[in-house]
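Asks: Each chain is listed here by its residues.
2 protein chains.
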Amino acid sequence: MSEVKNKCAAAKAASAKLATLGSAIKDKALFAMADAFESGKESIFEANRIDLASAEKNGIAGAMLKRLTLDDAKVMQMADGVRQIAALRDPVGETIEGYMRPNGMELRKVRVPIGVIGIIYESRPNVTADVAALCIKSGNAVVLRGGSEAINTNLALAKIIQDSITSAGAPENSVQIIETTDREAARELMSMKQYIDCLIPRGGKNLVRTVVETSQIPVIWHLDGNCHVYVHAGADLAMAGDITFNAKVQNPSVCNAAETLLADEQIAGDFLPLISDRLMEAGVELRGCEKTRAIAPDIKEATQEDWKTEKLDLILVIKVVGGVDEAIAHITKYSSNHTDTIVTQDYSAAHQFTGEVDSACVFVNVSTRFSDGYEFGKGAEMGISTQKLHARGPMGIEELTTYKYVVTGSGQLRT
Amino acid sequence: MSEVKNKCAAAKAASAKLATLGSAIKDKALFAMADAFESGKESIFEANRIDLASAEKNGIAGAMLKRLTLDDAKVMQMADGVRQIAALRDPVGETIEGYMRPNGMELRKVRVPIGVIGIIYESRPNVTADVAALCIKSGNAVVLRGGSEAINTNLALAKIIQDSITSAGAPENSVQIIETTDREAARELMSMKQYIDCLIPRGGKNLVRTVVETSQIPVIWHLDGNCHVYVHAGADLAMAGDITFNAKVQNPSVCNAAETLLADEQIAGDFLPLISDRLMEAGVELRGCEKTRAIAPDIKEATQEDWKTEKLDLILVIKVVGGVDEAIAHITKYSSNHTDTIVTQDYSAAHQFTGEVDSACVFVNVSTRFSDGYEFGKGAEMGISTQKLHARGPMGIEELTTYKYVVTGSGQLRT
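Quick mapping for you: the protein sequence lines, in order, are chains A and B. Numbered per this note's numbering, the first sequence spans residues -9 to 405. Numbered per this note's numbering, the second sequence spans residues -9 to 405.
Simulated from the structure, these hints should not be mistaken for laboratory data. Take these hints with a grain of salt, some might be off.
Identical chains blur together in the list; that is why a pair holds if it fits in one copy or across any two.
Capping the alpha-carbon separation at 16 angstroms, the derived lysine to aspartate or glutamate pairs in EDC-like fashion look like this [claimed, not checked]:
1. Lys290 - Asp267
2. Lys2 - Glu346
3. Lys99 - Asp362
4. Lys(-5) - Glu169
5. Lys99 - Glu388
Just chain A, same shape as in the assembly:
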């Protein structure tokens, strides 16, 4: 049996036990994991140094090298994240809905784990810890398939995770990590529908597209974040400036950063000069529509491609719109339906915007950067789903569950 099949089958067997395991043992496993990350950090750093050395040899540098690097602070964060997940209420066993039918049958819709989660992800090793913790907490077994660039770090983390789980009395095969990092192994993983219930790709657009197109297992995808800030005519312009700046500049390389600013024509003349100076001082490249460039002529011309592309960089595209209807029409056409925000003090505009914009997260007077599992109070996240089935937006432990109907009666027969 291949490594992939072997490990998927082991995870499946563990999942049946994990599904009915009480919170006490699951939480004990998570606290043991957090402690072991801290006490075992030297073994993590040692493995991480091997990955960093190969990375440098392969010419990996900049942001990607930084994401790959673990230090004291990152390990502490990782451990804290796991403890926060442990502190959440166990979603398993919750009665989501319960009622009685006219014939006396009692129905309960009860939350249960999905079973086995597969995850295919890239570079950041802290994903290994987050994902393992979220899956254990929600009673799911997990098969991890990280990128080759972080394989040694991931294996060191997985060893600590597996030892902690076993020491706490949870099924030892609950967390599996695929050591073979070639494409063949990834392809084989995507075919394991008899063992894996749900596959989650987390990483770049190409990775996600490949998984969506190849997988025989249902996929919850996390595609791009082409997020919009719409500054309405009735906005508090100081607030609008702060939100636009925060949404673009605070961390431009993530999916919930803003890519497009829609400025209402009634305030564009006042607002655009102020915000464009502030953004350009922070190193942001601005590209605008014709009306924008009539107001601020030193802004470059935006191309058709600009409106639909996630930049993940210090670039902001600006369009002047005639009002709420045009703003919503633009978002409907170009948004990736991840997160879009309106800045306004006008009740009707806010109401129309939240009602009509069909995105996972629709905000009023809040930075798009809040579209995040931790910020939503979910402890951590599996990612931000941009699909509509099962989970939409930040995916936490609740989104790693399904339900079953438990129906009890006294001999009811169908007539």
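Following the hints, position chain B against chain A.
Replies: Only chain B this time, still in chain A's reference frame:
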């Protein structure tokens, strides 16, 4: 533009309007539809007669011909079903969850329609009415693709549906029906991911498998029902006999009929002779394990294939098991995770069974035949999902929705 693409695009355009349409207009459309089925029944019968004539020419007979035939009673039922759906509470707009974060942001998880539903189904024309009504009620546009054998009936029903919707003021393109019934059109429909958010196959196993394997759109599948009745040692044997009989005989051709009886060895000697006589009198063919045949020697031998196959016929496979653990192990191995029931008066056995059996519907002292949208109080159903993501078990209007996060604040910025 092809017929399929054209209609999918029209449905997508209608879905945006339908998503924010109030209940009053949607319900008005449903009541108009129900009335028009009744007043327009002659045009339905006329179309149905054309389908029945071709069916007979093609040698279709028996149950399939019966399912295709519409009469006064069936049209009345169809109209009543639509009125029942109209009377349900609108799921759209419900706040599923709402809370405030430490920084003062208010989060609401709000139920919204999925968007455009595609459905590929076979023979029974009443599915056309049920599905259209469920989709409209839940604010979704729908693209219907029925089988060629019912095409004239389906077109007549769709005409009535479309006229009723338009007369009530709902978007006229909300319900689309594909007239081309060849495989090419089905294949094209399965590729329309830019327009269709969710594809539901409803019909035979081959149809479902083909859709699951071919579709580029997320699929909620409705596979086979290999359902079990486990009669525990602590069962009331009269109740156990009635439930077994009802689960097998009341309608053997549907997915929630029982296929396997698991009899606890402590009661098998008393129970099997009684129930086997009763079942055989009703024309049920029995096949059993060795221990079963030691008790009732005139029962045929069950093959390995029997344990895993949905019969949809008057055949019941019987196995004697040593207790709850063996019963659960058998179900875990062979069940299609649709519906499994235990008959017992013993608390611990019921508790263990409902906790450990990983099926969409797990019952205690209730016939498997209750696994049904109408019986669950959902008015009607899109089908019974046997997958774990998004919807599990009977799918009603709530399962045709997703959610979005509406977050409101006062200028919150991420730090």
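Asks: Run every hint past the structure and note whether it holds.
Replies: Evaluation of the provided hints:
no., hint, verdict
1, Lys290 - Asp267, "within (14 angstroms within a copy, 86 angstroms between copies)"
2, Lys2 - Glu346, "between (42 angstroms within a copy, 14 angstroms between copies)"
3, Lys99 - Asp362, "between (28 angstroms within a copy, 14 angstroms between copies)"
4, Lys(-5) - Glu169, "within (12 angstroms within a copy, 44 angstroms between copies)"
5, Lys99 - Glu388, "both (14 angstroms within a copy, 13 angstroms between copies)"
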